[in-house]
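Asker: Sequence:
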Amino acid sequence: MLLYCNCCLQPPVMRRPPTVVCYICGREFGTKSIGIHEPQCLKKWHNENDMLPKHLRRPEPKKPEVRSLGAKGFYDLDALNEAAWNSAQSQLVPCDICGRTFLPDRLIVHQRSCKPKPAK
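In full-length UniProt numbering, the protein residues as written are 1 to 120.
These are computed hints drawn from the structure, not numbers from a lab.
Treat the hints loosely; a few may be bogus.
Said to hold, decoys possible - Below are the PhoX-like pairs computed for lysine-lysine, each with C-alpha atoms no more than 20 Å apart in a straight line:
#1 K43 x K63
#2 K63 x K32
#3 K43 x K54
#4 K62 x K43
#5 K44 x K54
#6 K54 x K32
#7 K44 x K63
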C-alpha cells in the first residue's frame, strides 16, 4: 500500500505488513501464515527435542495468553509479539563454557568448537 503526503511532493511511504512472532522459534511471519507455521514448527521442535540428550531436553513451549482488546476480539499485536518473543527466548540454553545461549540442538554444535577463555 502506498501513501502520499498531500501537503508536499515527497516519495511514497511503504507500509510494512503486520507480522506475528512465532512463540517457538522467535521468527516473524505474516498474520495469514503464522497459523500454518506454528503447528509445523512445534512438530519440528518435538523431533529435535526428542533427539537431544536427556539433560538438554526442554518442556514443550506454551503459546502465550494475551487478552483481546474490546468487544470485537482484536489482539494487541505488540503485546502478543512481546509475549511470543519472551517464550522463544526462554527456550535458549546457556553454554557451560562461555555462557552464550542457544537453542538446544544448536548448543551441541556450538560446544564442539567452544573453548574456555585463557586466563590472563
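Asker: Confirm or reject each hint.
Answerer: Checked hints:
no.: 1; hint: K43 x K63; in the structure: holds, 14 Å
no.: 2; hint: K63 x K32; in the structure: holds, 17 Å
no.: 3; hint: K43 x K54; in the structure: holds, 18 Å
no.: 4; hint: K62 x K43; in the structure: holds, 13 Å
no.: 5; hint: K44 x K54; in the structure: holds, 17 Å
no.: 6; hint: K54 x K32; in the structure: violated, 36 Å
no.: 7; hint: K44 x K63; in the structure: holds, 16 Å
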